[in-house]
Each structure stands twice: as structure tokens, then as C-alpha cells.
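Once you have looked at the hints, place chain B on chain A.
There are 2 protein chains.
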Amino acid sequence: MKKETHFLIVGLGLLGGSYAQGLSAAGYEVDAIDLDEQNLQYAAQAGWIRQFSVEPDPALIQQADVLIFAVYPNTIVDWIRANQSWMKKDAILTDVTGVKRGIVETVQQFLRKDLEFIGAHPMAGKEVSGAKNSDSSLFHVANFIVTPTEKNTPRGIALAYDLAKTLGFAHLSELSLQQHDKMISFVSQLTHVIAVTLMNTHDNTHLAEYTGDSFRDLTRIAKINENLWTELFLLNQDYLLQDIDDFAAELQHFRKALAQGDSEEMKRLFRQSTQRRQQFDH
Amino acid sequence: MKKETHFLIVGLGLLGGSYAQGLSAAGYEVDAIDLDEQNLQYAAQAGWIRQFSVEPDPALIQQADVLIFAVYPNTIVDWIRANQSWMKKDAILTDVTGVKRGIVETVQQFLRKDLEFIGAHPMAGKEVSGAKNSDSSLFHVANFIVTPTEKNTPRGIALAYDLAKTLGFAHLSELSLQQHDKMISFVSQLTHVIAVTLMNTHDNTHLAEYTGDSFRDLTRIAKINENLWTELFLLNQDYLLQDIDDFAAELQHFRKALAQGDSEEMKRLFRQSTQRRQQFDH
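Note that the protein sequences, when read in sequence, are chains A and B. Residues in the first sequence are numbered from 1 upward in steps of one, following our numbering. Residues in the second sequence are numbered from 1001 upward in steps of one, following our numbering.
One or more of the hints may lead you astray.
[Stated by the list, open to error] Partial list, derived from the structure: chain B residues whose beta carbon lies under 7 Å from chain A:
{"hint": "1", "residue": "1090"}
{"hint": "2", "residue": "1177"}
{"hint": "3", "residue": "1205"}
{"hint": "4", "residue": "1224"}
{"hint": "5", "residue": "1230"}
{"hint": "6", "residue": "1242"}
[Claimed, not checked] Some chain A residues flagged as far from chain B (calculated, every beta-carbon gap over 10 Å):
{"hint": "7", "residue": "137"}
{"hint": "8", "residue": "191"}
{"hint": "9", "residue": "202"}
{"hint": "10", "residue": "267"}
[Stated by the list, open to error] List time: in silico DSS-like cross-link candidates among lysine-lysine, alpha-carbon distance up to 27 Å:
{"hint": "11", "chain 1": "B", "residue 1": "1132", "chain 2": "B", "residue 2": "1165"}
{"hint": "12", "chain 1": "B", "residue 1": "1267", "chain 2": "A", "residue 2": "182"}
{"hint": "13", "chain 1": "A", "residue 1": "256", "chain 2": "B", "residue 2": "1165"}
{"hint": "14", "chain 1": "A", "residue 1": "165", "chain 2": "A", "residue 2": "182"}
{"hint": "15", "chain 1": "B", "residue 1": "1223", "chain 2": "A", "residue 2": "223"}
{"hint": "16", "chain 1": "A", "residue 1": "182", "chain 2": "A", "residue 2": "151"}
{"hint": "17", "chain 1": "A", "residue 1": "151", "chain 2": "A", "residue 2": "113"}
{"hint": "18", "chain 1": "B", "residue 1": "1223", "chain 2": "A", "residue 2": "256"}
{"hint": "19", "chain 1": "A", "residue 1": "88", "chain 2": "A", "residue 2": "165"}
{"hint": "20", "chain 1": "B", "residue 1": "1223", "chain 2": "A", "residue 2": "182"}
{"hint": "21", "chain 1": "B", "residue 1": "1126", "chain 2": "A", "residue 2": "267"}
{"hint": "22", "chain 1": "A", "residue 1": "256", "chain 2": "B", "residue 2": "1182"}
{"hint": "23", "chain 1": "B", "residue 1": "1126", "chain 2": "B", "residue 2": "1165"}
{"hint": "24", "chain 1": "B", "residue 1": "1126", "chain 2": "B", "residue 2": "1088"}
{"hint": "25", "chain 1": "B", "residue 1": "1267", "chain 2": "A", "residue 2": "223"}
{"hint": "26", "chain 1": "B", "residue 1": "1267", "chain 2": "A", "residue 2": "126"}
Just so you know, the hints here were simulated from the structure itself, not pulled from any lab data. Since this is a predicted model, take the numbers as computed values, not measurements. All C-beta atoms in this analysis are idealised placements derived from N, C-alpha and C, irrespective of residue type, glycine included.
Chain A on its own, in the form it takes in the complex (with noise of 0.2 Å):
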């Protein structure tokens, strides 16, 4: 990326915080926008960003090279939408939404031909929110997903790779809307589905002083921000309800075998589960 490339950061939570700190560390000019001023003042004050504002000013929207969407997954297309008249010939937009199909093909279809939207996915986070908690050393241990689609240009797509260069990403790849949705859906929303289905079962709190580290260590996600998740699981329905289906069907099996005492199955899905699991600890 050009030394004097513009960056504009839409949304300057936990992720939006934390790239304009990684982005203005590396030398890059960077403004921001946000609902919640004491974001912007936060961020101001660190030295992260330079400009800023509360509404979308068009005077900052026009000096972007690159815009950068780190808000909620419906606002991203609401707000490409309402501003997308104010944007600098051959901007180009990219996002750190966890689900892509709903956004990066909804994008493309109604947005202005010299302009380029191109999926991302850097997945990174915290239990925390707002820039104040913003780290950009978070990225140093995470992967950085790149979702092109036939729409994208090798310039999009370069632009991509070396913001998650820049931010010092651990590991990069490229996904299909369609592969990172479905991989998402069982890595990610599936077992958040699990973790609050768990903690919805019965109202089990006055056990909480004969809870180990198993049972806090599954249900830590099942705190979980109503909004945002609602909206990712929506734009995901497909995938996660079968995934959810599947999940369902393996459950039953495990229950026949037990309602059984066929102990010969059981113990073939534990050593099978003992053998998977392990794979991931390499």
C-alpha cells in the first residue's frame, strides 16, 4: 500500500480501534467515524486517527482511498448504501464481518462500478468491546480471511492481503463467500448455539460452586451480545440450521447407544472424538 494512502475507519469499536491503531502505527493517515464520541476521543487522544466525526461527514468520506467497515453486518449495507454518492473514484471498501454471503454480494450488487468491495474476515476478538480495550496485537495470533468473489479486482484483492500484512495477521487465506459461511457456521456460530442451548436447559446457577473447568470452559461463549449475534446467525440461517440438524442427528445416536448400554458404541465414538480432537492440538 502507498505511504499515502487514506484510510477511513466506519465504526470504531474493539476491531475498528484496533486496525486504526495497527494502521496509523505503520505511518498510514487514518480518520474514523462513530456513533459513540468517547470512542473517537479515545482514539483521538492515543494518536490513532486524525480526523473524526459522529455522523457520515462527506468531507471525510471523500478523502478515503480505502474504507474500512467494522460495524454491525446490517449497517454495513444501510450505510455503503446512504453514502456510497460521497466516495472517492476507486475507493476501495472492505469489512471484518464474521458472516460474508449477505454482505459482500448485497454490496456488490448495488454499488457504484469504479468503486470495489472486497470480504474480509480477520478473526480476532475479545470478551470486551470499545476502543478503549482496541489491541492490535490481538491480530498477531490470528487468521486473516480474504473472500473475493468474480467482481473483485487483482487490485482489490492485493489491497486485502497487504492490510493484513500491515496489521501483522498470523496466518492469511482465501475463502469462497460460500466455503467461509459454511466453515464458519460449525467453527464458530454452531458452537455458540451449544454454549447458550446449554445454559438455556435448565436454570442450573445454584450448581455453580460444583462447576469445574469443563463446564466453564463450554458455556464462556454463551455470553454473548444479543444484537450483533442475532443478525450473524440470520445471514447464516442455511448453514447453521443444518449444521444444527446434523449436530441434532449425532446427539440421538449417542443417546441410543447409551439408552442401550451398548457399551462397544460408545466406546467407538470416544476414541473417534478422542483421535479428532487431538489433531487440533498440533
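Quick look at chain B alone, frame taken from chain A:
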């Protein structure tokens, strides 16, 4: 416990070895029986045990005032049935098993009238096994649950509490056999069923590079000792089947909200799980 109390540990693995370490450090005489001579040699060289045998040696058995059973659940029952004739009059027997009804009720039915079996569950463990991994400091952050029945005497119950205090457990409590097994079904066994089932749903080992902390935390316990856990699950079949059914019903409730795009119900479920899970953080 009197300083002359003579202990015999049957099964000198991770837990049995940690008991031997803690009791010998407190000045008690400890002997041990284990099928694996390496466990015995390791503990003897560490000074945790004095006499030992790879077989149920009558000479060792008849010296013991307290026998601690740290072998597989069904082995406890068989071992006591086969060897109770050697035991000293008024000896007290206790165990470390993670389910209680099938063990305590069964043993108490056939046990000699001059002996007493008091059930106990030290809620401690590690992902590794064997005496060489024993560490009695495991107990200093763990719960110890005593599960008396109407067949137990104040002397037997007091022995279990004394043992827990001597070993330095962080928290002591008392539950009926039924209360214990119902609790353990939900906070431990169901979580293991879920982790195993998630690993068995798809062969997704090719997705390892994309998994974050949430997936890894949730599935860590899918690495599981198939022989031990098959016994534990079958001994708690009724409660565990009920918990699986309750969890499966709650999963279908979430699935329905997602399939119908009922974002209000999804948000309500997320808020409820968040609120409940927060109570486990205190």
C-alpha cells in the same frame, strides 16, 4: 484421624497417587495396591507409600484401618466383594468415583456388617494419568463431596471429612447419592456428551487452522478415556438420558426461532444465557 491410622490405597493412578502423596506428607502410613508396578515403584521412591503389591495381598489388606478405592467404578464393587474377607474389623472404606448410586448402594448391600463404606467424590483431575503425574496440590482448589446414606455412621462420615481436610480440599459439601448423581449428570457428563458429539458430527479436522478459542475450549474434553467414561455414563444412565433430552429440546427451541427468523426470541435466549453464565463468574 489418629496418627496411627493406616491407609491402603487401591489403584495408584493420578488420584490415588495424589492421595498417597498428601497423606504421607501429613505423616500417615500408606500402603498401595495397583496392577501397574511402575506406579508403585514411582510412589515408593517418592516416599509416598511404604508397602505395596500388584495383587490383592491379604497381608496388606488386613493392616489397613482405611481403604481408599481409586480404580474404575465396576472394579471397586468386584474388588471389595472378592477381598472383604481379609479386611480388619471396623475398617472404613471410601472411594473417589464420579458417580455414586451404583457404587455406594451396591457395596453397602453386600458389605460385612463390621465394615463401613462411605462414598466420596473429590472433584479434581488432570488430562494426564498415572502416579508420575500425581500432585496433591490439585486438591487445594477443588470440591470434595461426601455422600452419606442411612447405612453410614457418624464415625464413617467424620472420617471422610477428616480425610478431605487433611488433603487440603478447598470446599467440602454433603449431598445425597441422588443429588450428587443428578448434579454430576448436568455439570460434567452432559458437557462431555456435547463435546464428543460436536467432534463426531463432521470430520472437520481440515478446519483446524480456522478454529479459535471457543471451539477449542468447547471440545477439549472430547479427548476422553473411553473405558472409564463408558462405565460412568452407564452407571448414571437415567439422569443423563433425561439431561440429553432436555438439552435436545432446548436446541430445537433455538432452531425453531432461527428457522422462523424470530429475532426477538433469539435475543431473549441470548440475554438469558448471558445473565445465567455471568453468575458463574463470581
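Going down the list of hints, with the structure as the test:
1. 1090: violated, 32 Å
2. 1177: This hint is violated: residue 1177 of chain B lies away from chain A, its Cβ roughly 15 Å from the closest one there, beyond 7 Å.
3. 1205: holds, 5 Å
4. 1224: holds, 5 Å
5. 1230: Since chain A brings a Cβ to about 5 Å from residue 1230 of chain B, closer than 7 Å, the hint holds.
6. 1242: violated, 10 Å
7. 137: Check passes; 16 Å lies beyond 10 Å.
8. 191: Label violated. Min Cβ-Cβ 5 Å, cutoff 10 Å.
9. 202: Non-interface label on residue 202 of chain A violated, nearest chain B Cβ at 7 Å vs cutoff 10 Å.
10. 267: At roughly 4 Å from the nearest Cβ of chain B, residue 267 of chain A sits no farther out than 10 Å, so the non-interface label is violated.
11. B:1132 x B:1165: holds, 24 Å
12. B:1267 x A:182: holds, 23 Å
13. A:256 x B:1165: violated, 41 Å
14. A:165 x A:182: Within the cut-off at roughly 25 Å; holds.
15. B:1223 x A:223: Given that 27 Å is the threshold and the Cα spacing comes to 25 Å, the pair holds.
16. A:182 x A:151: Holds, at roughly 21 Å.
17. A:151 x A:113: holds, 10 Å
18. B:1223 x A:256: Satisfied, since the Cα-Cα distance of roughly 21 Å is no more than 27 Å.
19. A:88 x A:165: The hint holds at about 24 Å.
20. B:1223 x A:182: With Cα atoms ~25 Å apart, residue 1223 of chain B and residue 182 of chain A stay inside 27 Å; holds.
21. B:1126 x A:267: The hint holds at about 20 Å.
22. A:256 x B:1182: Measuring from Cα to Cα gives roughly 20 Å; hence the hint holds.
23. B:1126 x B:1165: Distance of about 21 Å is within 27 Å: holds.
24. B:1126 x B:1088: Between residue 1126 of chain B and residue 1088 of chain B the Cα gap is close to 33 Å, so the pair fails against 27 Å, i.e. violated.
25. B:1267 x A:223: holds, 12 Å
26. B:1267 x A:126: holds, 20 Å
Hint compliance for this structure: hints 1, 2, 6, 8, 9, 10, 13, 24 are broken, all remaining hints hold.
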